[in-house]
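S.K.: Taken in order, these protein sequences are the chains called A, B, C and D.
All residue numbers for the first sequence refer to the numbering used here, where the first residue is 1 and numbers rise by one.
All residue numbers for the second sequence refer to the numbering used here, where the first residue is 1 and numbers rise by one.
All residue numbers for the third sequence refer to the numbering used here, where the first residue is 1 and numbers rise by one.
All residue numbers for the fourth sequence refer to the numbering used here, where the first residue is 1 and numbers rise by one.
It is possible that part of the hints are untrue.
[Said to hold, decoys possible] Distance condition first, Cα-Cα at most 25 Å in a straight line; then the derived DMTMM-like pairs of lysine to aspartate or glutamate:
| id | chain 1 | residue 1 | chain 2 | residue 2 |
| --- | --- | --- | --- | --- |
| 1 | A | K122 | A | E23 |
| 2 | A | K121 | D | E82 |
| 3 | B | K121 | D | D414 |
| 4 | D | K175 | C | D274 |
| 5 | D | K147 | C | E270 |
| 6 | A | K122 | D | E367 |
| 7 | B | K8 | D | D414 |
| 8 | C | K170 | D | E270 |
| 9 | D | K170 | D | E127 |
| 10 | D | K147 | C | D274 |
| 11 | A | K121 | C | D354 |
| 12 | B | K122 | C | E280 |
| 13 | C | K170 | C | D159 |
| 14 | D | K176 | C | D274 |
| 15 | B | K8 | D | E270 |
| 16 | C | K175 | C | D223 |
| 17 | A | K122 | A | E9 |
| 18 | A | K8 | C | D414 |
| 19 | B | K8 | D | D354 |
| 20 | B | K121 | C | E75 |
| 21 | C | K170 | C | D126 |
| 22 | A | K122 | D | E280 |
| 23 | B | K121 | D | D354 |
| 24 | C | K176 | C | E253 |
| 25 | C | K147 | D | D269 |
| 26 | C | K147 | D | E270 |
| 27 | A | K122 | D | E270 |
| 28 | A | K121 | D | E280 |
[Claimed, not checked] Across the chosen pairs, the derived CB separations fall in these ranges:
| id | chain 1 | residue 1 | chain 2 | residue 2 | range |
| --- | --- | --- | --- | --- | --- |
| 29 | C | E79 | D | A200 | 17 to 27 Å |
| 30 | D | E79 | C | A24 | 46 to 56 Å |
| 31 | B | P118 | D | Q86 | 37 to 47 Å |
Hints listed in this document are in silico derivations from the structure and should not be mistaken for laboratory results.
Here the structure is a predicted model, which is why all the values come from computation and not from measurement.
Where a beta carbon is used, it is the ideal one built from N, C-alpha and C, also for glycine.
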Amino acid sequence: MSSDSVYKEVLLDHFHNPRNKGELDDMDLVRRGSNPRCGDEIEVGIACDNGVLETVRFRGRGCSICLASASMMSECTSGLKLQQARQLSARLQHWFNSNNEIPPNENLAALGTIRQHPARKKCVLLAWQALDETLDGIEDRR
Amino acid sequence: MSSDSVYKEVLLDHFHNPRNKGELDDMDLVRRGSNPRCGDEIEVGIACDNGVLETVRFRGRGCSICLASASMMSECTSGLKLQQARQLSARLQHWFNSNNEIPPNENLAALGTIRQHPARKKCVLLAWQALDETLDGIEDRR
Amino acid sequence: MEPVPRKSELSRDPVALDFEALRADFPIFATGQQPLHYLDSAASAQKPACVIESISQCYNHDYGPVHRGLYPLAESASEHYEASRQTLAHFINAASPGQIVFTRSATESINLVAQGWAAQHLQPGDEIWVSQMEHHSNFLPWQRVCKQRGARLRIIPLDGEGLIDLEKSKGLFGKKSRLIAITQVSNVLGTINPIREIVASAKQQNIPVLVDAAQSVGHMPVDVQDLDCDFLATSAHKMCGPGGIGFLYGKSERLAETEPLLLGGGMVDEVNIDSSSWAEIPARFEAGSPNLAGAVGFATAVEYLRGIGLRAIEQRVKDLVLLAYENLSSIDGIHLYGPGPGLDRSGILSFNIDGIHPHDVAHIAAEHGVAIRAGHHCCQPLMQHLGVSSTARASFNLYNNEQDITALVAAILDAKRILGHR
Amino acid sequence: MEPVPRKSELSRDPVALDFEALRADFPIFATGQQPLHYLDSAASAQKPACVIESISQCYNHDYGPVHRGLYPLAESASEHYEASRQTLAHFINAASPGQIVFTRSATESINLVAQGWAAQHLQPGDEIWVSQMEHHSNFLPWQRVCKQRGARLRIIPLDGEGLIDLEKSKGLFGKKSRLIAITQVSNVLGTINPIREIVASAKQQNIPVLVDAAQSVGHMPVDVQDLDCDFLATSAHKMCGPGGIGFLYGKSERLAETEPLLLGGGMVDEVNIDSSSWAEIPARFEAGSPNLAGAVGFATAVEYLRGIGLRAIEQRVKDLVLLAYENLSSIDGIHLYGPGPGLDRSGILSFNIDGIHPHDVAHIAAEHGVAIRAGHHCCQPLMQHLGVSSTARASFNLYNNEQDITALVAAILDAKRILGHR
Ligand SMILES: Cc1ncc(COP(=O)(O)O)c(C=O)c1O
Ligand SMILES: Cc1ncc(COP(=O)(O)O)c(C=O)c1O
Numbered sequence: 001m002s003s004d005s006v007y008k009e010v011l012l013d014h015f016h017n018p019r020n021k022g023e024l025d026d027m028d029l030v031r032r033g034s035n036p037r038c039g040d041e042i043e044v045g046i047a048c049d050n051g052v053l054e055t056v057r058f059r060g061r062g063c064s065i066c067l068a069s070a071s072m073m074s075e076c077t078s079g080l081k082l083q084q085a086r087q088l089s090a091r092l093q094h095w096f097n098s099n100n101e102i103p104p105n106e107n108l109a110a111l112g113t114i115r116q117h118p119a120r121k122k123c124v125l126l127a128w129q130a131l132d133e134t135l136d137g138i139e140d141r142r
Numbered sequence: 001m002s003s004d005s006v007y008k009e010v011l012l013d014h015f016h017n018p019r020n021k022g023e024l025d026d027m028d029l030v031r032r033g034s035n036p037r038c039g040d041e042i043e044v045g046i047a048c049d050n051g052v053l054e055t056v057r058f059r060g061r062g063c064s065i066c067l068a069s070a071s072m073m074s075e076c077t078s079g080l081k082l083q084q085a086r087q088l089s090a091r092l093q094h095w096f097n098s099n100n101e102i103p104p105n106e107n108l109a110a111l112g113t114i115r116q117h118p119a120r121k122k123c124v125l126l127a128w129q130a131l132d133e134t135l136d137g138i139e140d141r142r
Numbered sequence: 001m002e003p004v005p006r007k008s009e010l011s012r013d014p015v016a017l018d019f020e021a022l023r024a025d026f027p028i029f030a031t032g033q034q035p036l037h038y039l040d041s042a043a044s045a046q047k048p049a050c051v052i053e054s055i056s057q058c059y060n061h062d063y064g065p066v067h068r069g070l071y072p073l074a075e076s077a078s079e080h081y082e083a084s085r086q087t088l089a090h091f092i093n094a095a096s097p098g099q100i101v102f103t104r105s106a107t108e109s110i111n112l113v114a115q116g117w118a119a120q121h122l123q124p125g126d127e128i129w130v131s132q133m134e135h136h137s138n139f140l141p142w143q144r145v146c147k148q149r150g151a152r153l154r155i156i157p158l159d160g161e162g163l164i165d166l167e168k169s170k171g172l173f174g175k176k177s178r179l180i181a182i183t184q185v186s187n188v189l190g191t192i193n194p195i196r197e198i199v200a201s202a203k204q205q206n207i208p209v210l211v212d213a214a215q216s217v218g219h220m221p222v223d224v225q226d227l228d229c230d231f232l233a234t235s236a237h238k239m240c241g242p243g244g245i246g247f248l249y250g251k252s253e254r255l256a257e258t259e260p261l262l263l264g265g266g267m268v269d270e271v272n273i274d275s276s277s278w279a280e281i282p283a284r285f286e287a288g289s290p291n292l293a294g295a296v297g298f299a300t301a302v303e304y305l306r307g308i309g310l311r312a313i314e315q316r317v318k319d320l321v322l323l324a325y326e327n328l329s330s331i332d333g334i335h336l337y338g339p340g341p342g343l344d345r346s347g348i349l350s351f352n353i354d355g356i357h358p359h360d361v362a363h364i365a366a367e368h369g370v371a372i373r374a375g376h377h378c379c380q381p382l383m384q385h386l387g388v389s390s391t392a393r394a395s396f397n398l399y400n401n402e403q404d405i406t407a408l409v410a411a412i413l414d415a416k417r418i419l420g421h422r
Numbered sequence: 001m002e003p004v005p006r007k008s009e010l011s012r013d014p015v016a017l018d019f020e021a022l023r024a025d026f027p028i029f030a031t032g033q034q035p036l037h038y039l040d041s042a043a044s045a046q047k048p049a050c051v052i053e054s055i056s057q058c059y060n061h062d063y064g065p066v067h068r069g070l071y072p073l074a075e076s077a078s079e080h081y082e083a084s085r086q087t088l089a090h091f092i093n094a095a096s097p098g099q100i101v102f103t104r105s106a107t108e109s110i111n112l113v114a115q116g117w118a119a120q121h122l123q124p125g126d127e128i129w130v131s132q133m134e135h136h137s138n139f140l141p142w143q144r145v146c147k148q149r150g151a152r153l154r155i156i157p158l159d160g161e162g163l164i165d166l167e168k169s170k171g172l173f174g175k176k177s178r179l180i181a182i183t184q185v186s187n188v189l190g191t192i193n194p195i196r197e198i199v200a201s202a203k204q205q206n207i208p209v210l211v212d213a214a215q216s217v218g219h220m221p222v223d224v225q226d227l228d229c230d231f232l233a234t235s236a237h238k239m240c241g242p243g244g245i246g247f248l249y250g251k252s253e254r255l256a257e258t259e260p261l262l263l264g265g266g267m268v269d270e271v272n273i274d275s276s277s278w279a280e281i282p283a284r285f286e287a288g289s290p291n292l293a294g295a296v297g298f299a300t301a302v303e304y305l306r307g308i309g310l311r312a313i314e315q316r317v318k319d320l321v322l323l324a325y326e327n328l329s330s331i332d333g334i335h336l337y338g339p340g341p342g343l344d345r346s347g348i349l350s351f352n353i354d355g356i357h358p359h360d361v362a363h364i365a366a367e368h369g370v371a372i373r374a375g376h377h378c379c380q381p382l383m384q385h386l387g388v389s390s391t392a393r394a395s396f397n398l399y400n401n402e403q404d405i406t407a408l409v410a411a412i413l414d415a416k417r418i419l420g421h422r
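Here chain A stands alone, though its shape is the one from the complex (with noise of 0.2 Å):
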């Protein structure tokens, strides 16, 4: 395995072990990201209270690197204010779109080296762009 492998142990720590994985029958509000391309599917659920997220939970199927993905992005904003998990989304998808080096956040920096691998962008984004929707229909709630 080569050192510049996408298997790191942070990922790999986040497969094997997500965060915040589970039913979301008693979220505020779900969505959906979905690659027909390959048949992953990912299901943000919130809960919010006086605009901070209390919860950020997520089920679904999909790869590692997706699976990975969505539970570092359940860590890292919940108890976010909506405004900053929006700003996080945002940065972090703009990092995947750009040649910027810096993450956006520290405990997403192990998700760097797959920004080398064009074919597998889509595969981190999922679950960030499920969010992006939760946000926007809380704000449509409103």
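Got chain A sorted already, so can you dock chains B, C and D with the ligands onto it with the hints?
M.R.: Structure of chains B, C and D with the ligands alone, referenced to chain A:
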């Protein structure tokens, strides 16, 4: 001008001094060959008596090779029996469609250089194909 | 507990030794990124030096516009183009070169038949039959033309091994069936369909058959007169030829019933403001400036394959895929798709591993220098049949060897180590 | 009495000297049959070594299937393919690379718009306008779609010099006009049409404009945002690129209104037995395995041209054609077609000689090593307008020089000597 030019004296003579070129009003039967790709058009008329081609005449427009071939055709076939004219035409066409080096008739040998130029084959054959049609027409009449 | 890759007879077989030498004909294995265990030939094959050189040679020395130019470069361009057509006709034993229509690809060839032939012959209520294993390129064109004409797209089912039940399928075709469009070799399962038998039974009801030969021509002997199919479509790039060129074979009477898909330069006799008349076949179907270097490279590729021998290539690849099948099948938690041991298959092997996403298998394989494909392989209807959204796929060609299989097995074991249940 | 070819300023111009050196970039002039005065670039251009090498390099070192493979060769294949698209977008100043659809040729590009866009938008009684000078590839697709939809194909007339009268033509378009399809440069007359002005007047009535750029892109600066055209079609092989590849440019809103011409692998998101959903643009229009080496060779060609400078190429070719015009116009019994002296024209010059068939002119020229074309140049409607069935045509590109013109004049004089009235 290279020595393998197709513009040899025999051909040029037929082009500049075409034999049996003229009006076809008094012919027994007239048929037309045309090449839509270059707009060339040759009409061949025959007059026959007792199974013999008394007169073979042509008119039309075309390149030097088309007109020279028509002139040579008329010269070689005038006076032949219908059956002989048919055979000569078939052999000429076979000569152009095969690797056989031997011309069907010494008087047609000058057409040989054109066999190296497939794009101009049709120029040579136009008059002969029109001749074939007149021969078909005469037989139908019997 | 994990199996060590088994040694096979392969390396002791004299034929196999020849193939090891043939690998040197493919520059990518010497000059590309190393190591390269290229097991994605079903997507696109690598090219031997002779093909690459024939393209350079064409542009360096012989390039001119094809058709009707009167100067030497144009004349030789036309000759080379038509000689390539003849080589291809010969390769599939077409009755005449005029039955070979150059297209950009198998995909274009199939679309030409769908819009140029089927659209002219389908009545509302008619049926077109395709199998459940078709590539999107041999599925979507029929789905569209059926919609356009109010016809029905019908599906020939598969059994558990991914085979077509010949006897059952015969009963499917009936009075309303206007065409059967079927692949000769599945690009996912490796299944080799009994085209000859399908055509024979279709003939009894006068149903024309189109064969998608994207995975068969160049991989096994294919004889269109023996198959007796009406149309056959293929691409050069899957048989060691260049990209951007393929052909459609058609029986003369079928081509005569076909309208051109593309209109433009070179395919008409007379053009008037109100109407136009098509040129003779096959020019009628080749609108636009012909792809000379593509045709020349394509012909060079099939000459190369013929030089080795199609039977030898087929046998070599079968040996490889059998060895791969044996090695992979003893991996814990693996699912292999398609014909099982003892059944005929071509050099394509799809699989999944419990709990590991095919994208991860392929990505970890890539980190081992093993190039395999993961995805639906443009066969979503087949994926639905298999009950998965994607598979991993290893596909073999004449330049592969036993080391490629060893590396593949090692990569899969590593994927299990990294991503398997802990 | 026959004129001696006139010396021009050409050889003393420092720019011209650079061009003389550029000739060495084209291997055919060193290694092909000699002498070669190649004056048939309007049919297809010769290729510089860098283009030929980029194709070899692609197959030798970098070849893999484009799109979604997860191993390095496949990733770099996708990158090279998309980078080529970007280069081409940049070359014509498209707003985004997604507006460039790879096709096999200008002909396919135009057919895609005819069947994919026009067929969806034409109602019975509607009109499509083309000019009298269109190539069959920009004529027949419109003739067919008009027939299919009960629409009318209308012709923009030409004046005696082969020009479109802009003021008059504005009055032609009306409420029923759904599209104007027009060439930027005539492949027979060399006329350069005022596309910008035509689009501007069409815009006032919301009529989309398709530009046939087969003879313009790569020969002069072309900026689609400046032209403001809706669609633009071109082929690589006319601009020193490889055969078998071209592109369609379309404004994003127009492409969104367009149905794909070819269906198959790579252009769908979801495929079900009953229906399917298209992938995003431009993938939607690129069914089948992409032609990687074609795209790479195309991009290399435009980088080569950009390196020289499009204005410089345009000027050089204009100087050559002007010199040719001057030299030819003093030949007794010659008729030159297209814009006269002082009017703008591109590097294409058609002519006829009294009493000598163009086939003979071209054939005798060939015997002098001069490659010119004779025929209708896929422009029968224009031939009807000119009242001839064919013309001879000399066309120039950046690698031509004064000697080519000298040789052409000598060949014409020889044709007159051989075939002229005695
Ligand atoms: C003006 C014009 N339009 C369209 C075409 C068609 O280009 P292609 O044959 O490369 O499709 C050509 C050349 O043949 C042309 O000169
Ligand atoms: C079975 C099958 N049919 C058709 C195709 C389409 O071939 P192409 O993409 O070269 O047009 C492919 C490959 O992509 C294939 O595997």
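S.K.: A separate judgement is required for each hint: does it hold in the structure or not?
M.R.: Now for the hints, and whether the structure bears them out:
Between K122 of chain A and E23 of chain A the alpha-carbon distance is near 23 Å, which keeps this suggested pair within the 25 Å criterion. Proximity of K121 of chain A to E82 of chain D is assessed by CA-CA distance (about 16 Å); at most 25 Å being required, the pair is judged to hold. Note on K121 of chain B and D414 of chain D: the hinted pairing holds, with a Cα-Cα distance of about 23 Å set against a maximum of 25 Å. For the given pair, K175 of chain D sits about 22 Å from D274 of chain C by alpha-carbon distance, which is consistent with the 25 Å threshold.
Using a Cα cut-off of 25 Å, the hinted pair K147 of chain D and E270 of chain C holds, with the two alpha carbons roughly 17 Å apart. Straight-line distance between C-alpha atoms of K122 of chain A and E367 of chain D comes to about 61 Å, which puts the hinted pair past the 25 Å bound. With a CA separation close to 14 Å, the supplied pair K8 of chain B and D414 of chain D stays within the 25 Å bound. Between K170 of chain C and E270 of chain D, the direct Cα distance comes to roughly 30 Å. Violation of the 25 Å bound is thereby established for this hinted pair.
Between the alpha carbons of K170 of chain D and E127 of chain D the distance comes to roughly 15 Å, so the proposed pair stays at or under 25 Å and holds. The suggested pairing of K147 of chain D with D274 of chain C holds, with an alpha-carbon distance near 9 Å, which does not exceed 25 Å. Proposed proximity of K121 of chain A and D354 of chain C is supported: the alpha carbons are some 24 Å apart, at most 25 Å. Between K122 of chain B and E280 of chain C, the direct Cα distance comes to roughly 14 Å. Compliance with the 25 Å bound is thereby established for this hinted pair.
With a C-alpha separation of about 15 Å, the suggested pairing of K170 of chain C with D159 of chain C holds against the 25 Å cut-off. Restraint check for K176 of chain D and D274 of chain C: the C-alpha separation of about 19 Å stays at or below 25 Å, so the hint holds. The straight-line distance between the Cα atoms of K8 of chain B and E270 of chain D is roughly 67 Å, outside the 25 Å bound, and the hint therefore fails. Distance check on the hinted pair: K175 of chain C and D223 of chain C sit about 28 Å apart at the alpha-carbon level, beyond 25 Å; violated.
A threshold of 25 Å between alpha carbons decides the hint, and for K122 of chain A with E9 of chain A the separation of about 21 Å falls inside it, so the pair holds. Between K8 of chain A and D414 of chain C the alpha-carbon distance is near 14 Å, which keeps this suggested pair within the 25 Å criterion. Distance hint between K8 of chain B and D354 of chain D is fulfilled; the C-alpha atoms sit about 21 Å from each other, no more than 25 Å. Straight-line distance between C-alpha atoms of K121 of chain B and E75 of chain C comes to about 12 Å, which keeps the hinted pair within the 25 Å bound.
The suggested pairing of K170 of chain C with D126 of chain C holds, with an alpha-carbon distance near 17 Å, which does not exceed 25 Å. Using a Cα cut-off of 25 Å, the hinted pair K122 of chain A and E280 of chain D holds, with the two alpha carbons roughly 14 Å apart. Distance check on the hinted pair: K121 of chain B and D354 of chain D sit about 24 Å apart at the alpha-carbon level, within 25 Å; holds. Annotation: proposed proximity of K176 of chain C to E253 of chain C holds, straight-line Cα distance about 21 Å (limit 25 Å).
With a CA separation close to 19 Å, the supplied pair K147 of chain C and D269 of chain D stays within the 25 Å bound. For a cut-off of 25 Å, the pair hint linking K147 of chain C to E270 of chain D stands: about 17 Å separates their Cα positions. For a cut-off of 25 Å, the pair hint linking K122 of chain A to E270 of chain D stands: about 16 Å separates their Cα positions. At roughly 16 Å between alpha-carbon atoms, K121 of chain A and E280 of chain D fall within 25 Å of each other, so this suggested pair holds.
Evaluation of the 17 to 27 Å hint for E79 of chain C and A200 of chain D yields a failure: the beta carbon distance comes to about 48 Å. Separation of E79 of chain D from A24 of chain C is about 28 Å and departs from the stated range, judged on CB atoms against 46 to 56 Å. Judged by the Cβ atoms, the range 37 to 47 Å given for P118 of chain B and Q86 of chain D holds: they are separated by roughly 43 Å.
Consistency note: the structure conflicts with the earlier hints numbered 6, 8, 15, 16, 29, 30.
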